[in-house]
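Below are the chains, spelled out letter by letter.
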Amino acid sequence: MATLTTPSTAKQVVSVQNLKVRYGDTLAVDDVSLTINRGEIFGILGPNGAGKTTTVECIGGLRKPDAGSIGVLGLDVRSDSKELHERVGIQLQTSLLPDKINVREALDLFASFYPDPVDPADLLRQLNLEEKADTRYVNLSGGQRQRLSIALALVGRPELAILDELTTGLDPQSRRETWKLIEGIRDQGLTVILVTHFMEEAEYLCDRVALLHHGHIRAIDTPANLGAGLGQRISFRSTAALDLDKLRALPDIREVREQGGRFVIEGGGDVVAAVIALLVREQVVPEQTRVEQSTLDDAFVALTSEADAEEAAAQGTGPA
Amino acid sequence: MTTLTPTTSSKPPQQRRGGFWKLVNIEFKLLRREPMILFWALIFPLGLLIVLGSLTSDKPQAKLGGLPFIVTYTPVLMTFTLTLLALSAMPATLASYRDKGYLKRLSTTPVGATRLLAAQLAIVAGLSLSVVVLIMLVAHFAYNVPLPHQVIGFILSIVLTMTAMASLGLMIASLATSQRVAGAIGGILFFPLMFFAGLWVPQQQMGATLRSISQYTPLGAAVPSIINSDFGRWPGTTHLIVLAVTTLVLLRIAIRFFRWDR
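In the order they appear, the protein sequences are chains H and D. Using numbering that gives the first Met the number 0, the letters of the first sequence correspond one by one to residues 0 to 319. Using numbering that gives the first Met the number 0, the letters of the second sequence correspond one by one to residues 0 to 261.
Treat the hints with care, as some may be off.
Just a sample of chain D residues kept apart from chain H, beta carbon distances all over 12 Å, derived [claimed, not checked]: (1) 22; (2) 25; (3) 29; (4) 62; (5) 92; (6) 102; (7) 105; (8) 106; (9) 109; (10) 186; (11) 198; (12) 200.
Derived CB-CB ranges, DEER-like [stated by the list, open to error]: (13) 113(D) x 186(H): 30 to 38 Å; (14) 93(H) x 230(D): 50 to 58 Å; (15) 258(H) x 180(D): 53 to 61 Å.
Simulated from the structure, these hints should not be mistaken for laboratory data. Given the structure is predicted, the values throughout are model-derived calculations rather than measurements. We put the CB at the ideal spot given by N, CA and C, even for glycine.
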């Protein structure tokens with residue numbers, strides 16, 4: 000991180016340094032830096048308005064950053080835009096096709112834009128769109144449109160695919176199918192940037208995720224590591240009396256409470272083992288025990304509320 | 000959901016050269032799926048030519064400056080086609096592509112969205128020139144309208160009329176906030192433009208004031224230019240200047256305000 004220029008190694012597909020994008024008075028993207036490696040599915044997560052789309056539009060060469068540097072596949076995003084567009088496939092959020100174009104025509108058309116496209120017929124088969132090949136765009140379902148949109152992003156045989164809001168608006172069935180499709184793409188060695196606000200999607204698909212909030216990166220890690228940092232929660236019922244202070248005395252305990260007849264204990268990574276050992280010593284038999292590992296969802300809520308609190312505090316003391 | 004259809008042999012990988020002509024090809028296919036536009040731009044002017052050519056006298060009319068009616072009306076029908084395609088088809092299509100995010104989607108490909116604009120213009124130009132030639136031939140062989148004797152003057156008049164109307168279409172696409180607005184503006188402008196061309200009242204029968212105003216409108220300038228070329232005369236310089244200035248001014252506005260994204 001100390002080097003001023005980042006040589007684009009073969010391993011590194013995307014390198015973003017101190018990216019800033021301003022819309023009027025607000026900084027939509029504020030000092031974002033990240034690197035993405037070849038063959039990775041990299042998730043960019045965050046609530047609406049976090050700056051996710053703006054960030055990937057800069058990476059895709061669609062928007063000029065106000066500051067910072069971006070290297071994609073060893074190319075300069077601003078000056079090598081034609082080659083960039085040949086090697087990067089982009090699926091834009093809410094981008095529609097002409098009503099009366101049919102699936103086959105759309106694929107043939109986009110294939111004709113690239114020097115070495117995938118055979119459209121193969122892609123139709125892979126994306127399960129063969130039966131819809133002669134159907135006009137306006138008559139496709141949401142899931143079919145989304146699959147076509149992914150197909151169009153892949154038809155140019157890109158090295159990097161940027162997929163923005165892949166499954167928004169899809170029913171659970173189509174969403175699962177789309178996920179399978181992306182897994183298949185990963186197996187072909189493509190690098191994917193996945194923009195999403197679904198934690199479940201990121202946990203299922205992504206090798207690493209960046210959590211974006213108000214234009215800042217809050218964390219970059221694997222989904223598992225981000226969740227693990229928050230620890231575990233165990234809850235159970237017990238007919239026998241239990242001394243809450245003994246639970247509180249256990250190491251690495253964050254919170255102990257009694258809630259609706261259940262004991263709820265939250266803490267670090269080893270809290271479940273410690274609680275069970277205590278229960279055995281006290282000869283208490285827990286009933287309806289539930290153990291929950293923190294998820295990316297929890298990590299996200301924790302990180303964003305932390306950030307909000309910091310900002311509120313800064314604003315409270317700042318102007319005085 | 001696995002496919003039940005037998006796998007057909009995939010097409011042999013074909014050499015692909017530049018996406019532009021494919022884009023023209025697809026855009027033309029899409030236009031062919033709009034029967035109303037094709038009817039008004041292609042069938043209607045030809046049909047009207049045949050109906051009026053058959054019903055009206057081919058004798059010179061004193062009140063039409065000594066010309067047979069169909070000679071004065073053929074250029075009006077030519078401008079009708081040029082205007083309708085440039086004004087009703089193109090701006091609405093471009094505005095809808097912008098609304099849908101299709102222009103932005105194209106700008107993420109190596110081909111880029113400017114090529115789509117070029118493809119649209121190529122189709123408008125190709126189609127309108129074909130219909131103009133068709134009208135010219137039918138009018139000549141069926142109704143004795145002279146072929147343009149001043150060929151260069153004729154080509155210049157037609158091309159400048161086309162560029163003026165295409166620039167107007169692009170300007171509408173630039174300024175309109177949606178497909179519906181683009182369609183509405185195109186529809187509203189169509190009537191005064193065609194009025195001054197003489198669609199309802201031939202220019203020769205307009206009052207002096209109306210007629211002189213007409214000479215400074217693009218289609219009002221186009222029609223006498225074409226008639227002059229028919230008889231081997233050079234189109235009036237003022238008329239050509241009106242068409243050229245219209246083109247340049249409207250094109251500048253179009254370029255200044257065109258948006259690729261919503």
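Right, here's what the structure says about each hint:
1. 22: 7 Å, violated
2. 25: At about 5 Å from chain H, residue 25(D) fails to clear the 12 Å cut-off, so the statement is violated.
3. 29: 5 Å, violated
4. 62: Residue 62(D) is indeed farther than 12 Å from all Cβ atoms of chain H, at 47 Å.
5. 92: 8 Å, violated
6. 102: The assertion about residue 102(D) is violated, with a minimum of 9 Å to chain H.
7. 105: 8 Å, violated
8. 106: 7 Å, violated
9. 109: For residue 109(D), whose nearest Cβ neighbour in chain H is about 5 Å away, the distance does not exceed 12 Å, so it is violated.
10. 186: 20 Å, holds
11. 198: Holds, since 30 Å exceeds 12 Å.
12. 200: With a cut-off of 12 Å, residue 200(D) remains clear of chain H, as the shortest Cβ separation is near 38 Å.
13. 113(D) x 186(H): 30 to 38 Å: Hint holds: Cβ distance 37 Å, inside 30 to 38 Å.
14. 93(H) x 230(D): 50 to 58 Å: For residue 93(H) and residue 230(D) the Cβ distance comes to about 57 Å; the hint holds.
15. 258(H) x 180(D): 53 to 61 Å: Given about 57 Å between the Cβ atoms, the range holds.
When held up to the earlier numbered hints, the structure conflicts with 1, 2, 3, 5, 6, 7, 8, 9 and fits the remainder.
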